[in-house]
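J.: Here is how the chains run, residue by residue.
4 protein chains.
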Amino acid sequence: MGLKHMATPYTIDMKVRDYECDMQARVNNAVYQNYLEHCRHEFLLSRNLSFAEITRRGINLVVTRAELDYKAPLTSGDLFVVSLEIERVSKLRFAFKQEIHRKGDNRLILQATIIATGVNDRGRPELPEEIISLLES
Amino acid sequence: MGLKHMATPYTIDMKVRDYECDMQARVNNAVYQNYLEHCRHEFLLSRNLSFAEITRRGINLVVTRAELDYKAPLTSGDLFVVSLEIERVSKLRFAFKQEIHRKGDNRLILQATIIATGVNDRGRPELPEEIISLLES
Amino acid sequence: MGLKHMATPYTIDMKVRDYECDMQARVNNAVYQNYLEHCRHEFLLSRNLSFAEITRRGINLVVTRAELDYKAPLTSGDLFVVSLEIERVSKLRFAFKQEIHRKGDNRLILQATIIATGVNDRGRPELPEEIISLLES
Amino acid sequence: MGLKHMATPYTIDMKVRDYECDMQARVNNAVYQNYLEHCRHEFLLSRNLSFAEITRRGINLVVTRAELDYKAPLTSGDLFVVSLEIERVSKLRFAFKQEIHRKGDNRLILQATIIATGVNDRGRPELPEEIISLLES
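Residue numbers (numbering that gives the first Met the number 0), protein chains in the order written: chain A, 0 to 136; chain B, 0 to 136; chain C, 0 to 136; chain D, 0 to 136.
Mixed in with the good hints, there may be bad ones.
Heads up, the list lumps identical chains together, so a pair's fine if it works in one copy or across two of them.
Stated by the list, open to error - Calculated pairs, EDC-like style, for lysine to aspartate or glutamate (alpha carbon to alpha carbon, straight line, at most 20 Å):
#1 Lys96 <-> Glu86
#2 Lys90 <-> Asp77
#3 Lys70 <-> Asp120
#4 Lys96 <-> Asp68
#5 Lys14 <-> Glu52
To be clear, the hints were calculated from the coordinates, so they are not data collected in a lab.
These numbers come from a predicted model, not from an experiment.
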């Protein structure tokens, strides 16, 4: 199956919060997954899809695999951009290609591939119609 | 000692991130302390004081008491404003009066008083000069 | 209304995890609320009450006020005990008196009073029968 | 370079805390990285190596890549085991092979490979002697 690319990546601007830094005074590794998730959910909202609403309907959008390449650390006060491109990788699975760049010098901080799918409340794979439309558009 | 009030509260705009919500689908109680801390550190930055820089100099700004009144919950997608007023309460201690209001309906979400002080690397109470100037201004 | 005290506080043993420490290399203020919540939920479980199960039934147990006195910091590697006593403070509200002590020297780290109540899915105050029984026992 | 395997994986027992669950009532994806990090740091401690102490000496042990395969979710109340094997992958880089299994049914929850290295306070790759000894033993 041919992968479909978005013409332009979706992006959000964020800023490091001090409580996200650990004793190394850098953003803790796990926190980058928070940033990536927030970007994905904001992307869905920008397409009129609410993660919370989909969850209430009994469909859990879940991550099945995450690959994260940490290139450089973010630290207190850093402004950064999280970007996202979405690709369909199979009938029920899609990939988010995500990057984090620091503002100012545009340094690459993190590169990630997040594979996701949907599971209904009987534990069966299921993608909401709107997600399928989104992937096919 | 007379308390000094700021003419206008300092405010920052924030938005709930889905990972901050717990199984009740509302922002977890502990997360509000994150919001309040972020507002305090942004306030310091707006006065050219960096929490990270003060920490590197061996002075720990610490919270000694927090009072939090939870008035209503924040949930997925909510936009909100965190506000802050600072008051000196003794030679070495100061109080942040903080509130969180939801945008749109301006509903009061949380009211808090956070008492803070400084401790140097020998464990002794000490406030950096710049904080004292800030409190006296 | 007379307050009822438990004969002996309920306690759990915990250990600081490094990701809970911030750039001061101490446990971040907000994290103590996580510790306190975990102790409350473990206490409920010890009484055969599951917070998750109560939530699924449409009743949200919520904190309305938290008072936290930070006495000394926890840091990397510290072992500590979180304790809890429960008191009824009105028909629908109860108070958790909680403390955190460091193991080894038994130093008092944190003292807290957490006021909680229940809200049903129509937004009305409601306490599950089992919680009322617990408070009356 | 031949990879060296530990005779037996290092393991720690943990339990889900309710605040680690998100609105899906499952442990949030990012939290598993917290679990894995805690296991790695406990492993170092078991070898008399303190992550905090190494950090204070100016050496940052950092993750350069994380691969996480999410096999099944953890939820409220679950007990689980986090395991770890360490392998040297180059002069200055090592890999942690980590797994999470739910207790009771021993179900595989997560499989991960975490690549790590050390960076000194001049930003140069450097591994502490003790880590090198550990990798060679």
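J.: For each hint, tell me whether it holds in the structure or not.
T.: Evaluated hints:
no. : hint             : verdict
1   : Lys96 <-> Glu86  : within (8 Å within a copy, 28 Å between copies)
2   : Lys90 <-> Asp77  : neither (39 Å within a copy, 32 Å between copies)
3   : Lys70 <-> Asp120 : between (38 Å within a copy, 17 Å between copies)
4   : Lys96 <-> Asp68  : both (12 Å within a copy, 16 Å between copies)
5   : Lys14 <-> Glu52  : between (27 Å within a copy, 17 Å between copies)
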